[in-house]
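*Asks:* One letter stands for each residue in the lines below.
There are 2 protein chains.
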Amino acid sequence: MTAAAEGEPKDARAIRKLVAEGLAVVLTSSVAPPERPCAVGAGLRTKVNANIGTSLDYADPERELAKLRAAEDAGADAVMDLSTGGDIADIRRRIIEHARVPVGSVPIYSAAADARDGRRRVVDMTADEIIDAVRRHMADGISFVTVHCGVTRDVVRSLRSSGRVCGIVSRGGTFVERWMAHNDQENPLYERFDELIDMAHEHDVTLSLGDGLRPGCLADSMDRPQVHELMVLGELCERATAAGVQVIIEGPGHVPIDQIEAQIKMQKEVCGGAPFYVLGPIVTDVAPGYDHITSAIGGAIAAASGADFLCYVTPAEHLSLPDEEQVRRGVMAARIAAHAGDIGKGIPGAADWDRRFSALRRQRDWEGQLAHCLDPELARKVREHGWPGDDEVCSMCGEYCVFKLADETVEEPGRTAQ
Amino acid sequence: MTAAAEGEPKDARAIRKLVAEGLAVVLTSSVAPPERPCAVGAGLRTKVNANIGTSLDYADPERELAKLRAAEDAGADAVMDLSTGGDIADIRRRIIEHARVPVGSVPIYSAAADARDGRRRVVDMTADEIIDAVRRHMADGISFVTVHCGVTRDVVRSLRSSGRVCGIVSRGGTFVERWMAHNDQENPLYERFDELIDMAHEHDVTLSLGDGLRPGCLADSMDRPQVHELMVLGELCERATAAGVQVIIEGPGHVPIDQIEAQIKMQKEVCGGAPFYVLGPIVTDVAPGYDHITSAIGGAIAAASGADFLCYVTPAEHLSLPDEEQVRRGVMAARIAAHAGDIGKGIPGAADWDRRFSALRRQRDWEGQLAHCLDPELARKVREHGWPGDDEVCSMCGEYCVFKLADETVEEPGRTAQ
Numbered sequence: 053m054t055a056a057a058e059g060e061p062k063d064a065r066a067i068r069k070l071v072a073e074g075l076a077v078v079l080t081s082s083v084a085p086p087e088r089p090c091a092v093g094a095g096l097r098t099k100v101n102a103n104i105g106t107s108l109d110y111a112d113p114e115r116e117l118a119k120l121r122a123a124e125d126a127g128a129d130a131v132m133d134l135s136t137g138g139d140i141a142d143i144r145r146r147i148i149e150h151a152r153v154p155v156g157s158v159p160i161y162s163a164a165a166d167a168r169d170g171r172r173r174v175v176d177m178t179a180d181e182i183i184d185a186v187r188r189h190m191a192d193g194i195s196f197v198t199v200h201c202g203v204t205r206d207v208v209r210s211l212r213s214s215g216r217v218c219g220i221v222s223r224g225g226t227f228v229e230r231w232m233a234h235n236d237q238e239n240p241l242y243e244r245f246d247e248l249i250d251m252a253h254e255h256d257v258t259l260s261l262g263d264g265l266r267p268g269c270l271a272d273s274m275d276r277p278q279v280h281e282l283m284v285l286g287e288l289c290e291r292a293t294a295a296g297v298q299v300i301i302e303g304p305g306h307v308p309i310d311q312i313e314a315q316i317k318m319q320k321e322v323c324g325g326a327p328f329y330v331l332g333p334i335v336t337d338v339a340p341g342y343d344h345i346t347s348a349i350g351g352a353i354a355a356a357s358g359a360d361f362l363c364y365v366t367p368a369e370h371l372s373l374p375d376e377e378q379v380r381r382g383v384m385a386a387r388i389a390a391h392a393g394d395i396g397k398g399i400p401g402a403a404d405w406d407r408r409f410s411a412l413r414r415q416r417d418w419e420g421q422l423a424h425c426l427d428p429e430l431a432r433k434v435r436e437h438g439w440p441g442d443d444e445v446c447s448m449c450g451e452y453c454v455f456k457l458a459d460e461t462v463e464e465p466g467r468t469a470q
Numbered sequence: 053m054t055a056a057a058e059g060e061p062k063d064a065r066a067i068r069k070l071v072a073e074g075l076a077v078v079l080t081s082s083v084a085p086p087e088r089p090c091a092v093g094a095g096l097r098t099k100v101n102a103n104i105g106t107s108l109d110y111a112d113p114e115r116e117l118a119k120l121r122a123a124e125d126a127g128a129d130a131v132m133d134l135s136t137g138g139d140i141a142d143i144r145r146r147i148i149e150h151a152r153v154p155v156g157s158v159p160i161y162s163a164a165a166d167a168r169d170g171r172r173r174v175v176d177m178t179a180d181e182i183i184d185a186v187r188r189h190m191a192d193g194i195s196f197v198t199v200h201c202g203v204t205r206d207v208v209r210s211l212r213s214s215g216r217v218c219g220i221v222s223r224g225g226t227f228v229e230r231w232m233a234h235n236d237q238e239n240p241l242y243e244r245f246d247e248l249i250d251m252a253h254e255h256d257v258t259l260s261l262g263d264g265l266r267p268g269c270l271a272d273s274m275d276r277p278q279v280h281e282l283m284v285l286g287e288l289c290e291r292a293t294a295a296g297v298q299v300i301i302e303g304p305g306h307v308p309i310d311q312i313e314a315q316i317k318m319q320k321e322v323c324g325g326a327p328f329y330v331l332g333p334i335v336t337d338v339a340p341g342y343d344h345i346t347s348a349i350g351g352a353i354a355a356a357s358g359a360d361f362l363c364y365v366t367p368a369e370h371l372s373l374p375d376e377e378q379v380r381r382g383v384m385a386a387r388i389a390a391h392a393g394d395i396g397k398g399i400p401g402a403a404d405w406d407r408r409f410s411a412l413r414r415q416r417d418w419e420g421q422l423a424h425c426l427d428p429e430l431a432r433k434v435r436e437h438g439w440p441g442d443d444e445v446c447s448m449c450g451e452y453c454v455f456k457l458a459d460e461t462v463e464e465p466g467r468t469a470q
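Residue numbers (our numbering), protein chains in the order written: chain A, 53 to 470; chain B, 53 to 470.
Treat the hints with care, as some may be off.
As the list makes no split between identical chains, a pair holds if one copy fits it or if it spans any two.
Quick list of in silico lysine to aspartate or glutamate cross-link-like pairs, EDC-like style, CA-CA up to 16 Å [what the hints assert, rightly or not]: (1) LYS456 / GLU313; (2) LYS397 / GLU313; (3) LYS433 / ASP375; (4) LYS456 / GLU377; (5) LYS317 / GLU254; (6) LYS397 / ASP166; (7) LYS433 / GLU419; (8) LYS456 / ASP443; (9) LYS320 / GLU181; (10) LYS320 / GLU287; (11) LYS456 / ASP184.
These are calculated hints, taken from the structure and not from any lab test.
All chains should be built: construct the whole structure from the sequences, respecting the hints.
*Replies:* The structure is reproduced here in structure tokens:
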């Protein structure tokens, strides 16, 4: 708790109180406590998660460890291992072993992979296998698990009648929906939620209630299936909190800019103020290749409106599995969104960074600026790319630098702009 | 007017009415009418401007023409030539000659450059030289001019008592303020505003009333000097509109995310609904190298709140003069902001692009997506970078593609996820 309070505007005692009230969580694990546990919730700095993990086509564990390092070096507060390809149990354990930040995961991917390894289909998983995967992840030292408990048969009926453009876009949500349709059974993650509560309690793990029916395009945002699932999550959230288990709620996704604030307010209201973990949201569907930007726009507004945890989106989203550089760019864009949001919602201290930095800018203290900006390495590269060799100015304005002009006494000809 | 109405939700007649009421402008010039005149204002698509131009250290005209092409190819609706280095009259004329979109400029840079060529200082310009520069730009075929008319002696007194962190960050504003201090005279662009009205009328040019005292950091946003200058601009705007001259108002700058909507509403109120042209705004000061993203966040919120015209910010901002690639990236980020804002403010037709595009995504029509997205070239590159060679899916989810899973009938073993 003390480690989680580092850099926060609240102390360990205040955070403990928030956790008890269900208004914040500390992402950690009793099995493998991370070096940097991370507090997420009301009045705390907005945190950034980076998704890494293999896919069926790219399953090199070393590459994922490189992405882990890229994410941590860029300043991610947590990572999620979403591996679906290769020996995913081994990859998960290696990521937990090497990570300094809390590691989250989506256990149903393991159950699907195990079925696949046994030459069975996703729909052939047993309910026990789905539940056991959650237990195995927790036993390995995962700090938070995404469980798609809200994709119930009732919610899926809402979906069937909704006329969605994109249907379900969550992989876990799709697995659950396909499984229910094939087996004509209720979602075990819903029916056996008490088991999830017990195991989360045992391992001190946070349940991240997944939004299997999050909108996959602007047109589907805030429709009945999305709201219906959120209402189910709100009830489950209440049960988990009452049992002393930490819980966060996952949210969209693709949202028109004018609906973001309403989405956040709705979630906070329906889920008793539980921390809200959003994916993006991206504010237009049409810009693949730029979804770190479309999501930075939505994430900043979400954070300013009260979202607590931003899942980054990389420039590779919708197109390919990200590489290290795309991971780095995704984290940086999400950190910008989180920080802009923190200024907007008045997190104590957030605006101080900008004020101190702007004073360095005013003083034309270039070394100071390069040392204290978001990404010193990139900023130095961009400056040097067009550097006129003058320590005082940059190549954009040169001698017409407004700060230089302001510093000159107009009556001293030798020091004025010529 | 007909050309300007192309792609707009309003026809030429409706736009003419908006222009007559001062609620919109058509950026054009009777001297050199651009191939693609551009309508800016209420109920119209949010437009994007790209600043190009030499600096004292980089004054190659060919490079500026390459940046013009990069801006136009990326989809900029207008460009401004902000050249301050080299033979800037020649560069301006070449940009006007080659541009298909309207070209704007800041005439006082010419007056400053002329003084410099004559080995005089900025403060040694005469009032006539400042005014004549505006006339010369219009005679060359410029479609809109930034004139810093609101930096009056009275407004500068507000500044002196304000305790700003960054003072004045507009180059034109700095020139005017330094000139007034040195010469102990009122701003000629304010005192002789009627002459500007007359010459704008003669050449059918739009006056863009510059915000010389725009905030240069979050801490200075919406302070008394900024609001004071805006009030002066509001009065001048009214005079120009009454005289049948098109006028737009320039705005910030650096603005905390929670003040952006208020800034837009204030401007619209104080300036009788005149089109608002914002630079960014950027929502944090601390991310040099990423100001295309910080400004996309602010620009999207500004556009959704009613801003009509976004001046792009490139990743080079605050660090160096942008090159072609940085121009391209700046335009793309600003176009994302403009489009997201248009969806937010309900511009008819804006959301249709996203809906059509999302239908292609749902159908896994990759060629369709790559043809109809914001930046087809980049999207194709990112997809092919990690392409598993399967036409149906991408390397992120592979066989676990949610749309592929949804399309499969779970009862047909041969076609389901294995």
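*Asks:* Could you work out which earlier hints the structure fails to respect and list their numbers in ascending sequence?
*Replies:* 1, 4, 5, 6, 9, 11
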